[in-house]
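> Here are the chains, one letter per residue:
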Amino acid sequence: MGFDFEYFLELFLGGLTRGSIYALIALGYTMVYGIIQLINFAHGEIYMIGAFTALIVGGLLTLMGWNQMAILVIASLAAVIYSAAYGYTVEKVAYKPLRSAPRLSALISAIGMSLFLQNYVLLAQTSKFLPFPSLIPDFKFMEPVEHIVRSSEIVIYITTAVVMALLTFLIKFTKIGKAMRATAQDRDMAMLVGVNVNRVISHTFVLGSATAALGGVLIASHIGQIDFYIGFIAGIKAFVAAVLGGIGSMPGAVLGSLVLGWTESFFTGYISSDYEDVFAFLFLVLILIFRPSGILGRADTDKV
Amino acid sequence: MLNLEEVKRSFFTCLWFMFLTFPIMVIKVDTIDETVDWRWERILWVGAGSFVLSLIWRYLIRRKELGGKEIEAGDEDTPSKFQELVRKSGFYYPILIAAGIFVLIFPQVFSMYQTNIMNTALIYVVVGLGLNIVVGLAGLLDLGYVAFYAVGAYSYALLNMHFGLNFWFALPLGGLLGFLFGIILGFPVLRLRGDYLAIVTLGFGEIIRLVLENWNAFSKGPSGIASIPRPGFFGMEFSINQSIDYMYYLMVALVIFTIFVVRRLQDSRIGRAWIALREDEIACQAMGIDKTRTKLTAFALGATWAGMAGVMFAAKTTFINPASFTIWESIIILCVVVLGGMGSIVGVICGALILILLPEYLRALSEYRMLIFGVVLVCMMVFRPGGIVSSVRRVYKFEKEDG
Chain A
-15 MGFDFEYFLE
-5 LFLGGLTRGS
5 IYALIALGYT
15 MVYGIIQLIN
25 FAHGEIYMIG
35 AFTALIVGGL
45 LTLMGWNQMA
55 ILVIASLAAV
65 IYSAAYGYTV
75 EKVAYKPLRS
85 APRLSALISA
95 IGMSLFLQNY
105 VLLAQTSKFL
115 PFPSLIPDFK
125 FMEPVEHIVR
135 SSEIVIYITT
145 AVVMALLTFL
155 IKFTKIGKAM
165 RATAQDRDMA
175 MLVGVNVNRV
185 ISHTFVLGSA
195 TAALGGVLIA
205 SHIGQIDFYI
215 GFIAGIKAFV
225 AAVLGGIGSM
235 PGAVLGSLVL
245 GWTESFFTGY
255 ISSDYEDVFA
265 FLFLVLILIF
275 RPSGILGRAD
285 TDKV
Chain B
1015 MLNLEEVKRS
1025 FFTCLWFMFL
1035 TFPIMVIKVD
1045 TIDETVDWRW
1055 ERILWVGAGS
1065 FVLSLIWRYL
1075 IRRKELGGKE
1085 IEAGDEDTPS
1095 KFQELVRKSG
1105 FYYPILIAAG
1115 IFVLIFPQVF
1125 SMYQTNIMNT
1135 ALIYVVVGLG
1145 LNIVVGLAGL
1155 LDLGYVAFYA
1165 VGAYSYALLN
1175 MHFGLNFWFA
1185 LPLGGLLGFL
1195 FGIILGFPVL
1205 RLRGDYLAIV
1215 TLGFGEIIRL
1225 VLENWNAFSK
1235 GPSGIASIPR
1245 PGFFGMEFSI
1255 NQSIDYMYYL
1265 MVALVIFTIF
1275 VVRRLQDSRI
1285 GRAWIALRED
1295 EIACQAMGID
1305 KTRTKLTAFA
1315 LGATWAGMAG
1325 VMFAAKTTFI
1335 NPASFTIWES
1345 IIILCVVVLG
1355 GMGSIVGVIC
1365 GALILILLPE
1375 YLRALSEYRM
1385 LIFGVVLVCM
1395 MVFRPGGIVS
1405 SVRRVYKFEK
1415 EDG
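Each protein sequence line maps, in turn, to chains A and B. Be aware that the first sequence starts at -15, since it is given in this note's numbering, and climbs by one per residue. Be aware that the second sequence starts at 1015, since it is given in this note's numbering, and climbs by one per residue.
Hints listed in this document are in silico derivations from the structure and should not be mistaken for laboratory results. Please note: incorrect hints may appear among the correct ones.
To be verified - With a Cα cut of at most 25 Å, we get these calculated DMTMM-like pairs of lysine to aspartate or glutamate:
hint : chain 1 : residue 1 : chain 2 : residue 2
1    : A       : K112      : B       : E1227
2    : A       : K76       : B       : E1079
3    : B       : K1305     : B       : D1209
4    : A       : K112      : B       : D1051
5    : A       : K112      : A       : D211
6    : A       : K76       : B       : E1227
7    : A       : K112      : B       : E1020
8    : A       : K112      : B       : E1048
9    : A       : K159      : A       : D170
10   : A       : K80       : B       : E1381
11   : A       : K112      : B       : E1295
12   : A       : K80       : B       : E1048
13   : B       : K1042     : B       : E1055
14   : A       : K112      : B       : D1047
15   : A       : K76       : B       : D1259
16   : A       : K76       : B       : D1294
17   : B       : K1305     : B       : E1295
18   : A       : K156      : A       : E137
As the list claims (entries may be wrong) - Non-contacting residues of chain A with respect to chain B, defined by C-beta distances greater than 10 Å in every case (computed):
hint : residue
19   : Y66
20   : A69
21   : F100
22   : L101
23   : A108
24   : L154
25   : Q169
26   : L176
27   : D211
No residue lacks a Cβ here, since even glycine has one placed at the ideal position from N, Cα and C.
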């Protein structure tokens, strides 16, 4: 049996797709963790809400007979805006009152929020899988390679790359980015030099939620169906990716996501697909045991 | 308590929430039938509800801030008025006796259906108390607790299926297996910091569930294992009705045993080490407490109770499948502990009874059960991190002698 290059390429690109989506979600985790040291358990739910909003808005506009490009843009925009709004609200309601409480309290509150949002969507919408309209058009020039990589995947790669570039620019070169880095380093000190820490935290949540929403829209229109539960597994996996790369580090999150995407894709492609999720969890457990600081992270020690 | 500023702010909050919930609450698109369902009345409910809730929320936050100052002014934790009343007046024993009698005659007074529900609640009391050791006393957030519960349930089901092992051997064995799994899983992960620990235990819990679901040869996969025998009593045959009553008394005995052990543990050397570890790890190590061993005992003892409760669960339902052991089950148990009060035995019992019995009796609410659990977790953390019956911290006071 020779080496099937086409199959390999397919798995490689599939892994890249997964990795890109994980990266979009993992960025939110990592940014929030970097700033308030909280595992934002509800982050996966924000992503799910993004996908649902896009589905609702997209479905509505499709029925009104708009053209596909306009629908794609408006639905994505709506998803981003609503997810950002949800992220902002979740922070204000569930995390802000617990700023000075033990970390465990905030984590439990986050779990509660996740449970709430999941069931809120379940009750307000449906528990069934919903078909998601394929918002991303098939490009003409993609036809020759369509059997290996779909148009929607190309859109996913490009969007992810653009979002990464924009975020890096934002963090490195703008005033709010500087404030975010300062807050991440030392919150009290940042406050002393006049950074409005509350606002910075809100911005972080808004940014993270918006990127997650983009991930939600893209993957939903790629796979073609969503339900209220997609956020949980995606959230956990993105968290694995963030930890793998070194939580708190943005390039780390991207790297970790890609590594996780590829390993998952090759594992399911060459070994077995039954244990796909087991594998992701096993990966998480192994990383945390052997290298809790991740690939690019720094080991941190507790200060007294 | 009402001022104009707050009403105005609540009004804006209400508008914000109406905006926020608009697409998901109001619009329902059916892409197959190509119809859109507009549910406008809902937005009004959201508006009214969020306005009222926002007012209450603001009031409670303000009260909490005031309360925080009062506690800073005084230098000790004040137990709640209710606890004070129970302790001070001679009510403690009469209440205990009354509760005891009520528990004893419960299956005679109420129907089989009620007893069955009570059995479920009592199982939650036991797992709640077990998790309370891990979360409440030792301060380790374990989100994969249900894995040990599954270990107990499956060990009874499988051993019975293959070797015909009866309930009475399975019960201690389930506990033992829980203990062993607690050590095996705990050993590598306990070096991790609190929030990582939560995620890793969650991962372990899911791994065990997924293995049970996929390893058909071992666990019969998603279809589960049926016709697990109910517990026997020296070969006596029971009707279903009797066996449920019998199960009830067994559960009560297990609960009492658990309470006894947990109480003894709490005041023991190891129990105090747990509490110290929860408060400050570094100081604790500096005082010469072996961090890993202390954490490991907490983890393994918690798992033991989950294992035993798992055997009970399998014997009660006579059918188990991996769907009973999802992460959400862990979170319900966590909810029991958090609502009742972390570290408090009475609290956990109350928490379990409230959370499990209320949705059963308020059928209309059962659809919203998980939604409410989520709200409970958030609200408890924000307003009353100690739970409804918070554990009273023992205070040693230095009394100045006169003269």
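> Hint by hint, say whether it matches the structure.
Hints, verified against the model:
| no. | hint | in the structure |
| --- | --- | --- |
| 1 | K112/A - E1227/B | holds (21 Å) |
| 2 | K76/A - E1079/B | holds (16 Å) |
| 3 | K1305/B - D1209/B | holds (17 Å) |
| 4 | K112/A - D1051/B | holds (16 Å) |
| 5 | K112/A - D211/A | holds (6 Å) |
| 6 | K76/A - E1227/B | violated (39 Å) |
| 7 | K112/A - E1020/B | violated (40 Å) |
| 8 | K112/A - E1048/B | holds (17 Å) |
| 9 | K159/A - D170/A | holds (17 Å) |
| 10 | K80/A - E1381/B | violated (29 Å) |
| 11 | K112/A - E1295/B | violated (46 Å) |
| 12 | K80/A - E1048/B | violated (42 Å) |
| 13 | K1042/B - E1055/B | holds (13 Å) |
| 14 | K112/A - D1047/B | holds (15 Å) |
| 15 | K76/A - D1259/B | violated (48 Å) |
| 16 | K76/A - D1294/B | violated (28 Å) |
| 17 | K1305/B - E1295/B | holds (8 Å) |
| 18 | K156/A - E137/A | violated (28 Å) |
| 19 | Y66 | violated (7 Å) |
| 20 | A69 | violated (6 Å) |
| 21 | F100 | violated (3 Å) |
| 22 | L101 | violated (8 Å) |
| 23 | A108 | violated (5 Å) |
| 24 | L154 | holds (25 Å) |
| 25 | Q169 | holds (19 Å) |
| 26 | L176 | holds (23 Å) |
| 27 | D211 | holds (14 Å) |
Going down the numbered hints, you'll see the structure goes against 6, 7, 10, 11, 12, 15, 16, 18, 19, 20, 21, 22 and 23, while the others check out.
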